[in-house]
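2 protein chains.
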Amino acid sequence: MASRNLIASGRKIVAIGRNFSEHAKELGNAVPKTPFFFLKPTSSYISNGQSIEVPTGCEVHHEVELGVVIGKDGRDIPASQAESHVAGYTLALDMTARNLQDAAKKAGLPWSAAKGYDTFTPIGDLIPKDSIPDTNNVDLSLKIDGVTKQNGNTKDMIFKVPMLIEYVSSIMKLQAGDVILTGTPAGVGPVKPGETVTCELGTKGTILSQLRFPVVARPNKP
Amino acid sequence: MASRNLIASGRKIVAIGRNFSEHAKELGNAVPKTPFFFLKPTSSYISNGQSIEVPTGCEVHHEVELGVVIGKDGRDIPASQAESHVAGYTLALDMTARNLQDAAKKAGLPWSAAKGYDTFTPIGDLIPKDSIPDTNNVDLSLKIDGVTKQNGNTKDMIFKVPMLIEYVSSIMKLQAGDVILTGTPAGVGPVKPGETVTCELGTKGTILSQLRFPVVARPNKP
Ligand SMILES: [Mg+2]
Ligand SMILES: [Mg+2]
Ligand SMILES: [Mg+2]
Chain A
1 MASRNLIASG RKIVAIGRNF SEHAKELGNA VPKTPFFFLK PTSSYISNGQ
51 SIEVPTGCEV HHEVELGVVI GKDGRDIPAS QAESHVAGYT LALDMTARNL
101 QDAAKKAGLP WSAAKGYDTF TPIGDLIPKD SIPDTNNVDL SLKIDGVTKQ
151 NGNTKDMIFK VPMLIEYVSS IMKLQAGDVI LTGTPAGVGP VKPGETVTCE
201 LGTKGTILSQ LRFPVVARPN KP
Chain B
1 MASRNLIASG RKIVAIGRNF SEHAKELGNA VPKTPFFFLK PTSSYISNGQ
51 SIEVPTGCEV HHEVELGVVI GKDGRDIPAS QAESHVAGYT LALDMTARNL
101 QDAAKKAGLP WSAAKGYDTF TPIGDLIPKD SIPDTNNVDL SLKIDGVTKQ
151 NGNTKDMIFK VPMLIEYVSS IMKLQAGDVI LTGTPAGVGP VKPGETVTCE
201 LGTKGTILSQ LRFPVVARPN KP
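Those protein sequence lines, which keep their order, are chains A and B. For the first sequence, full-length UniProt numbering assigns the number 1 to the initial residue and increments by one for each residue that follows. For the second sequence, full-length UniProt numbering assigns the number 1 to the initial residue and increments by one for each residue that follows.
I should point out that these hints are in silico values taken from the structure, not numbers from a laboratory. Be aware that one or more of the hints could be misleading.
Put simply, identical chains are the same to the list, so a pair is met inside one copy or across any two.
Unchecked claim - Here are the simulated lysine to any residue pairs, SDA-like style, with alpha carbons at most 25 Å apart: (1) Lys221 - Tyr167; (2) Lys173 - Pro219; (3) Lys106 - Leu27; (4) Lys155 - Thr34; (5) Lys160 - Lys173; (6) Lys25 - Ser131; (7) Lys221 - Met163; (8) Lys149 - Val188; (9) Lys160 - Ile207; (10) Lys192 - Asn136; (11) Lys72 - Glu166; (12) Lys160 - Gly108; (13) Lys192 - Asp76; (14) Lys149 - Gly187; (15) Lys173 - Pro193; (16) Lys106 - Gly146; (17) Lys204 - Ala2; (18) Lys105 - Ala176; (19) Lys221 - Arg11; (20) Lys72 - Thr148; (21) Lys72 - Pro219; (22) Lys221 - Ala87; (23) Lys105 - Asp139; (24) Lys25 - Gly108; (25) Lys160 - Thr206; (26) Lys106 - Ile144.
Whole structure, please, built from the sequences with the hints as guidance.
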């Protein structure tokens, strides 16, 4: 499935926070004892090669993540049956206006704007489920202008994919086309207009997805 | 348009917080100087007559709201052109697990779970735009078992509909089928299994929508 199909038909994006302890620590946060998540709007999707926009006044951070694409509707899905609800995987970025998120956290306000700007969810094509037999051994990396910034492996996830599907579906039913973003490894940081972000997903030495996104300033209002 | 079309095709629900000063005060919050919003998943929609579920451990509050249904895609929509992007209006409830929201606010965490459980967005049919010539004079009321709990008018909104469309679309593009929930008047409070919630929307003495939702306990996991 090309990312444009996901972008056209996706219903929701459920993004897990602080799922890698080194990343939780680098932002000064406690390591969570239960998962938590926020929603991103599907209007924030862009596909490979499109531009990530930096809105005026926003410090925009990259977060490279494994995305789980739901293929079958379900509610209260037990972890033991989670895999049967998965269509496949994808490589995605959870772009974040870190300064707005920090302000929201302090004020006890929602993260939705900080996480939801247009272009804040760059996403790749569907990776067939069979290509990733073990979701606990996926390499994720990200470079800015060729310099490595993030380089992690999903073995360091605090909450594993089946448990995340169980948790999310105990609150909100999952529907075909929904995407769960499973959290980012350490190394997040700002992107600036003029830079180019590249990222890669692989397993056991095989590269399964490579994406490239130029960074631009969000155009001013007309 | 029947609510089932909205439920089937809607992309996102953008819900404005604290848009009535009496409601902001009743929860001990400051009256906001700029709007803020959170996202609800479209998987939380139910239509007239379906049951609102109370999950175990949740204190679930009713919030009756005017919904704005987007009819035309747009980004950076100026308030002066906002009306041309509106397909019509709807009556909706922004059901809220208040205890989870309070905990999230204290911890600086997202509101998404507290606002996003299945059945937490009961919604009526589309009310044609022409039926509401003035969005600043819409009556909203809600009863539990026939006893009035909320009874307000959108004249008391802090941020008016055109400004809300301008604000939201300056962050995330609006797409046909998106719904903006515009905030609730004072009088929010808990609903309990066995009760029946009814709500009404009207303008200048004409009732435009009447909805009814039984309240049940969320069934236990299989
Ligand atoms: Mg949120
Ligand atoms: Mg993230
Ligand atoms: Mg509300």
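Now the hints, each set against the structure:
In this assembly of identical chains, lysine 221 and tyrosine 167 lie within 25 Å of each other by CA distance solely across copies; the values are 12 Å between and 40 Å within a copy. For the identical chains of this complex, lysine 173 and proline 219 are inter-copy neighbours only, at 13 Å across copies versus 36 Å inside a copy, given an alpha-carbon limit of 25 Å. Both within a single protomer and between protomers do lysine 106 and leucine 27 lie at most 25 Å apart by alpha-carbon distance, with minima of 14 Å and 18 Å respectively. For the homomeric pair lysine 155 and threonine 34, the shortest alpha-carbon distance inside one copy (18 Å) is at most 25 Å, but the shortest distance between copies (42 Å) is not.
In the homo-oligomer, the alpha carbons of lysine 160 and lysine 173 lie at most 25 Å apart inside one protomer (19 Å), although the nearest pairing across protomers, at 33 Å, exceeds that limit. Taking identical chains as interchangeable, the C-alpha atoms of lysine 25 and serine 131 are never at most 25 Å apart, the minima being 31 Å within one chain and 53 Å between chains. Only between protomers do lysine 221 and methionine 163 lie at most 25 Å apart by alpha-carbon distance; the minimum there is 15 Å, versus 42 Å within a single protomer. Taking identical chains as interchangeable, the C-alpha atoms of lysine 149 and valine 188 lie at most 25 Å apart only when both belong to the same chain, with a minimum of 7 Å there against 47 Å between chains.
For a Cα distance limit of 25 Å, the shortest separation of lysine 160 from isoleucine 207 inside one copy, 21 Å, qualifies, whereas the shortest one across copies, 50 Å, does not. Taking the shortest alpha-carbon separations for lysine 192 and asparagine 136, neither the intra-copy value of 32 Å nor the inter-copy value of 42 Å comes in at or below 25 Å. When the C-alpha separation of lysine 72 and glutamate 166 is checked against a cutoff of 25 Å, the pair qualifies only within one copy, where the shortest distance is 14 Å, while the shortest distance between copies is 36 Å. With identical chains, the CA atoms of lysine 160 and glycine 108 are at most 25 Å apart between copies only, with a shortest distance of 24 Å across copies and 28 Å within one.
For a Cα distance limit of 25 Å, the shortest separation of lysine 192 from aspartate 76 across copies, 22 Å, qualifies, whereas the shortest one inside one copy, 41 Å, does not. Only within a single protomer do lysine 149 and glycine 187 lie at most 25 Å apart by alpha-carbon distance; the minimum there is 6 Å, versus 50 Å between protomers. With identical chains, the CA atoms of lysine 173 and proline 193 are at most 25 Å apart between copies only, with a shortest distance of 21 Å across copies and 38 Å within one. Taking the closest pair of Cα atoms, lysine 106 and glycine 146 never come within 25 Å of each other, the shortest separation being 34 Å inside a single copy and 40 Å across copies.
Taking identical chains as interchangeable, the C-alpha atoms of lysine 204 and alanine 2 lie at most 25 Å apart only when both belong to the same chain, with a minimum of 24 Å there against 50 Å between chains. For the identical chains of this complex, lysine 105 and alanine 176 are neighbours neither inside a copy (31 Å) nor across copies (31 Å), given an alpha-carbon limit of 25 Å. Taking the shortest Cα distances, lysine 221 and arginine 11 sit within 25 Å of each other only across copies (24 Å), while inside one copy they are farther apart (27 Å). Proximity of lysine 72 to threonine 148 under the C-alpha cut-off of 25 Å is found in neither arrangement, the shortest distances being 36 Å within a copy and 41 Å between copies.
Taking the shortest Cα distances, lysine 72 and proline 219 sit within 25 Å of each other only across copies (21 Å), while inside one copy they are farther apart (38 Å). Taking the closest pair of Cα atoms, lysine 221 and alanine 87 come within 25 Å of each other only across two copies (23 Å); inside a single copy the shortest separation is 38 Å, beyond that limit. Within a single copy, lysine 105 and aspartate 139 get their C-alpha atoms no closer than 30 Å, and across copies no closer than 34 Å, so neither meets the 25 Å cut-off. In this homomeric assembly, lysine 25 and glycine 108 come within 25 Å of each other (Cα to Cα) both inside a single copy, at 20 Å, and across copies, at 16 Å.
Proximity of lysine 160 and threonine 206 under a CA criterion of 25 Å is satisfied intra-copy only: 21 Å inside one chain copy versus 53 Å between copies. Within a single copy, lysine 106 and isoleucine 144 get their C-alpha atoms no closer than 29 Å, and across copies no closer than 35 Å, so neither meets the 25 Å cut-off.
Hint compliance for this structure: hints 6, 10, 16, 18, 20, 23, 26 are not met, and every other hint is.
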